[in-house]
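Fit chain E to the supplied structure of chain A, relying on the hints for placement.
Protein chains: 2
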Amino acid sequence: MTLHADLTRALGVAEWQLPDSGFTPELHMLKETLLSLGNGYIGSRGSFDEATPADITHCEGTYLNGVYSSEPITYGESAYGFARNNHKMLQVANGKVLQLSVDDEAVTITGATEHQRQLDLKTGVLHRQWQWQSRQGKQLQLQSRRFISQANPHLLAIELSVTALNFSGDIQLDSLLDAGYPGFQKKDDPRVGVMSIADSLSLRQQHCDAKQATMLHQAHGSESRVAAAMSHQLPANAKWLANHCTEHCISQQFQLSLTKGEPLVLHKLVVYCHNNEQADDSQLQQHINMLLQQVCAQSFASQLTAHQQYWAGFWQQADVKIGGDSALQQGIRFNLFSLAQAAGRNGVSNIAAKGLSGPGYDGHYFWDTEIYVVPVLSLTQPDTARQLLTHRFSQLNAARQRARQMSHPRGALYPWRTIGGEECSAYFPAGTAQYHINAAIAYAIRSYYLATADSHFIREMGAEMLLETNRLWLDLGFFNPRQQQRFEIHQVTGPDEYTAIVNNNFYTNAMVQLQLEFSLLIFADYPELAAKFEVSNSELQSWQRAADNMYLPYDHELAIQAQDDSFLNKKPWDFATTPADKYPLLLHFHPLVIYRHQVLKQADTVLANVLLDNRISPAQKTRDLAYYEPLTTHDSSLSGCIHSIAFAEAGNTEQAHAFFGNSARMDLDNYHGNTGVGVHIACMAGSWLSLVMGFAGLRVRKDGLYFQPRLPQALPELEFRLCYQNRILQVSLSADQASYQLISGKPLTLYHANQAVSLDVGAPVKCSAGV
Amino acid sequence: MTLHADLTRALGVAEWQLPDSGFTPELHMLKETLLSLGNGYIGSRGSFDEATPADITHCEGTYLNGVYSSEPITYGESAYGFARNNHKMLQVANGKVLQLSVDDEAVTITGATEHQRQLDLKTGVLHRQWQWQSRQGKQLQLQSRRFISQANPHLLAIELSVTALNFSGDIQLDSLLDAGYPGFQKKDDPRVGVMSIADSLSLRQQHCDAKQATMLHQAHGSESRVAAAMSHQLPANAKWLANHCTEHCISQQFQLSLTKGEPLVLHKLVVYCHNNEQADDSQLQQHINMLLQQVCAQSFASQLTAHQQYWAGFWQQADVKIGGDSALQQGIRFNLFSLAQAAGRNGVSNIAAKGLSGPGYDGHYFWDTEIYVVPVLSLTQPDTARQLLTHRFSQLNAARQRARQMSHPRGALYPWRTIGGEECSAYFPAGTAQYHINAAIAYAIRSYYLATADSHFIREMGAEMLLETNRLWLDLGFFNPRQQQRFEIHQVTGPDEYTAIVNNNFYTNAMVQLQLEFSLLIFADYPELAAKFEVSNSELQSWQRAADNMYLPYDHELAIQAQDDSFLNKKPWDFATTPADKYPLLLHFHPLVIYRHQVLKQADTVLANVLLDNRISPAQKTRDLAYYEPLTTHDSSLSGCIHSIAFAEAGNTEQAHAFFGNSARMDLDNYHGNTGVGVHIACMAGSWLSLVMGFAGLRVRKDGLYFQPRLPQALPELEFRLCYQNRILQVSLSADQASYQLISGKPLTLYHANQAVSLDVGAPVKCSAGV
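For the protein sequence lines, the chains are A and E, in the order given. Quick note on numbering: the first sequence equals residues 0 to 770 in numbering that gives the first Met the number 0. Quick note on numbering: the second sequence equals residues 0 to 770 in numbering that gives the first Met the number 0.
The following block holds chain A by itself, in its conformation from the complex (with noise of 0.2 Å):
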């Protein structure tokens, strides 16, 4: 275990919130991340209401899910069938700043005292006060609130409350609708503004009056257009000044009266929407100002009221208790309720693998989606996983035609990583190569069904992803005559990125034997969908006869799984003379380098192993646990909470509980240094998996929720509720009990240590823990 044990813990703990006090520059952009909010559609950085000094490293950027720029790839040599364009995940206009300004001196955080904000997870809610002083000695108090309605995808909305301290007079507002920023300003960077916002986006139209200010943008090299309004709700001694208006911002000016002592509070409304089809200009102005007009008909209290609903009603369903520690209390709780803001819950956007966290990874979608996040949302929010499936059914005929880019006369093949549904990866061995995202995406659909039995969706939409997935992989894969006819899969990338283009990946050949054997069992439970589909009966024989002869490769000496046909023969990583700051070894050493070595960035057998639950006996998980896991560096964020799974499976919940640990507060802790450009949503949602398949021990079967509870000694109680097929479970474990208790549906039975436990709605059935 190399884990990274370096933390920077910028906010404080507290099982609720993130504290936050005072100001380091430093860990401005680390914050900025940690305390963005985001409801699924719109995501905006934890950044200030008021501007921020340019010689502070800051990173501003609001994003709308699921809409994107589009830009040529450039290759030094390319090649056919190379991803061309790059989609980017689409910064639009900030809407936060409020910018106050006393005699002409603007309020900054240079000039604060006092400053404190909390994030309030269980409310979705930043929370900031502080005091400035000017250079002439007057002072303030400022207080302000700010959230992401969860109620209304379209709104942002704000609430400023300015007290003078020792003065009456008055004071400047301008209110900005920028789109204008630079994404990522770094001091003595020479690249100030590189990455604008103005490089993604065509101004179309600007609309501002003295209520109202609305912008609409073209994204470059897309079709989709964006819309921003705002609008406020002053008091009445506000004085409208002016506007002004400019290519890329529109501000306006306001004049505050303020008496010494008394609040003034304000609102600011920001909406956003966007059309990427038919609607015209005229059509999306009506739009945007229809959505500014239902906003500025409520008050900021019965909007506010109506958020914190969902959040409530969101952890009723969602939270997660731990005994014993707070800081994992706190890790878990900001885990999930990022994955709650960074979801797509339209059917049209996906969760990226930073959420709307920040620029890292453009916004890109990947297997985290459905390795990672669909299997906890399908037992924790069933309707927001498929409408994660649903996004990606939405992209299948991209897929098809990306499978015909690769050679493939039929099937389906998911990029890589996109936004839209074409590969946007520009280095194939770590992307278009990694053919085992079809394999997830058939691993995500069998998760949901196994959780929901939603046949509607099966039948809809999941059935076809899996026949086109299925048809690639008869295509890729071939039935070796030189090897008895086994079926083998050449020239793919596994999930470990440390190892590149190898000849049947153990994970990748696995996966697909899983998936053919599911989608077989999903044809003969559904036998109207072979004729929907025209699948013969001797295409089903050929996914039978792939499954039957799947080649799994197999080391007899070393009594493992081997990762791929080569891995085993490689030169050992030399890990004693590689020091510390050589990791990642990614940022420090040539790809060929680090792909002839046995050396992991991340689970790849060891992940299988957890996904294959019991087709794979114990031993031969804890064999290959202790061959794999001393080889791996756990470069990335994937890695520690399949680990910690497979070492609670092995009985080592020390492990276990360690590597939790750092899933849990990988970015509370900036345990990768890399938090300031986007949380890594995959481990937060790896993080739940810890808990409930590694120290719950679940695993979701056919037949119902098998338990195997092994909680390690530092945490001795663990709280958590499950969706599973209709019903609310809710699961208690402690060091020496297990209660399950049915809170809603259907009686069910489920299994504790294999032994079968009935449940009806009401009281909890109590089992030893024991295993």
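Treat the hints loosely; a few may be bogus.
Said to hold, decoys possible - Pulled from the structure, derived: some chain A residues nowhere near chain E, Cβ distances all over 10 Å:
| id | residue |
| --- | --- |
| 1 | Ile72 |
| 2 | Ser195 |
| 3 | Lys238 |
| 4 | Ala397 |
| 5 | Arg720 |
Claimed, not checked - Cβ-Cβ distance ranges computed for the label pairs, FRET-style:
| id | chain 1 | residue 1 | chain 2 | residue 2 | range |
| --- | --- | --- | --- | --- | --- |
| 6 | A | Thr576 | E | Lys531 | 22 to 32 Å |
| 7 | A | Gln483 | E | Phe574 | 19 to 29 Å |
| 8 | E | Thr576 | A | Gln400 | 53 to 63 Å |
To be verified - These stretches of chain A come out as covered by chain E in the derived footprint (C-beta under 8 Å, 3 or more residues):
| id | region |
| --- | --- |
| 9 | 400-412 |
| 10 | 421-428 |
Derived from the structure by calculation, the hints contain no laboratory data. The beta carbon of each residue, even a glycine, is placed where N, CA and C say it ideally should be.
Then chain E, alone, in the frame of chain A:
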């Protein structure tokens, strides 16, 4: 055999000339390549003396070998150690242009009749004669001769003769030094001018007066500065009118007075030089002035004579005579001519993949030099061979640096493609991963040394290159503890670029073994070297151990040498359903599709077998050839010549002849359709190897020259000369007889069909041809 058989025979067939008649716009760019001139330093394409009309697809280009501009390589996803900059062979000012005008009407090809050109291979002169008629009916007879001097590396000279056929009067001449031409101008192509010379040069100085003009430029991204100058030798009645200078072009205007029927003859002299290092602009200016003065002080005739003397000497030594096939005779002469035009001879330049004949591959140097060209030059122009190796030696420090970037604490790694020494490959799987470039350099050192016994070179340069590349191999490979400590080399790409990043490429491993054993021999024969380079006994022993334990993969079932650890286990390529228009495969299939199939771009194991000589048994070679050739697309122009040798060695002289024909006329018949951007230098050298290694069966071994003649029926006679260790040997082969004649040098014993033949200077010794 799937050789590309469509041919475009743009020029006529003649044994010592490339005749061109008429004007076909679609063939113009191809002819620009074929009629290009060069002297190893300057190269200039065979464009017209006057401006080419803009609607004709053409590609102007004048180049300096070893001089380059450099620009950053852009990656969609970059990684540690990726090549950072791309070098481009420098395009310099075009000094060829002599634009005549009659009554303000430009004399261009559009008004031409009876247009004839001949590139004379014997003398290196491009001749042209044509007639032109103005819209008003005035007729000119035009003749020109152009050469790039082999006697003065800085000189390009043109003689123009103009005769007014039906009028007397004044015409105008604009003589240009043009550094603003577009590099590639294609009809209907919106990218006109994109690759303009102006993108790689910045003007520093211009000077001109009535007699001469000079330009100094800075090459972008490098330290190189270049100078070009022109002057004229004009008849007495020519009158200077004016100079027109723009940033990128100087035009000198003259009035010429024609008398009907009387030829007016003028000469244009253009000189080029560069300075990479200390000299400042004024020194460079002085140098170009001095060069211009020198050439202006001599007559055109005397300079042409010096040039022709070089070629006479060249052909006396290098000519190859083939009986019975004028087209092939022309092909082999054109190929040898092109090599002599392209090869750098100053120790600070090499031979580009396209020579100096076009912009293809940006003028980069590849292994083409060492595997294809140096073995030819070592036996025909050993001084030039030494200069090419000297150039590699001059870049040894850059190769050491590259090895460090690639995490090797010792040794040197030569770049896959470069001009200035830096790795320029933007696609590492078919670039940096081709570590075999190191072994190619060692092979070239060995070839040169066996042919010349040049111990001075070995002591001063060769041994150090061997030592440093050996060190790289010892660090790259490892003694595999799981495989009885055999020496393995992983994650490399062999010559066949349709298979990438494999373990234990047979070619690579075998060539490293050859290199190590040759190095051991050298360090044994020159014991002072170990002390000079502080090479310990244990280091020498490690070479021996690696050579002794080198793993050479072998498939016992097929009884063939395996291309690598995984190749033979891959899915066969479906040639039957691949239509002809899908070749070359690389333009129609994603690399992953190609990589996962048994399909080759070019000779790989077959190449090893040819180079390894009698280390591999003839029966083994024959089996390997029978397996691999049918899987080979020959999409690389480097493939045919090697297969010609292999088939000759296997006794199939008919196939060998077909492959030789393809290589011999690769460019003249434009078999790969891309000669328009430059000739295929390695293939050209390879065609000589086909004759000499294939049909004459020559192998140069430590104990002498071994011949095994086997002429195909279609090639009943073959005659060539060799330089061998300060001797000149003439070899004349016919169907029934081989004749060996020592022209100069010490007595020699060679081997004919393994029988010793002793030669003294004088009469030839005849042997029966039967093998």
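Hints, verified against the model:
1. Ile72: violated, 4 Å
2. Ser195: Fine: 19 Å to the nearest Cβ keeps Ser195 (chain A) off the interface.
3. Lys238: Consistent with the label, Lys238 (chain A) stays out of reach of chain E, its closest Cβ about 51 Å off (over 10 Å).
4. Ala397: About 16 Å separates Ala397 (chain A) from the closest Cβ of chain E, which puts it past 10 Å; holds.
5. Arg720: Per Cβ check, Arg720 (chain A) is outside 10 Å of chain E; nearest 40 Å; holds.
6. A:Thr576 - E:Lys531: 22 to 32 Å: holds, 30 Å
7. A:Gln483 - E:Phe574: 19 to 29 Å: holds, 25 Å
8. E:Thr576 - A:Gln400: 53 to 63 Å: Distance hint for Thr576 (chain E), Gln400 (chain A) is violated at roughly 21 Å.
9. 400-412: holds (count 3)
10. 421-428: It holds, with 5 qualifying residues against the three required.
Consistency with the previously given hints fails for numbers 1, 8, ordered from lowest to highest.
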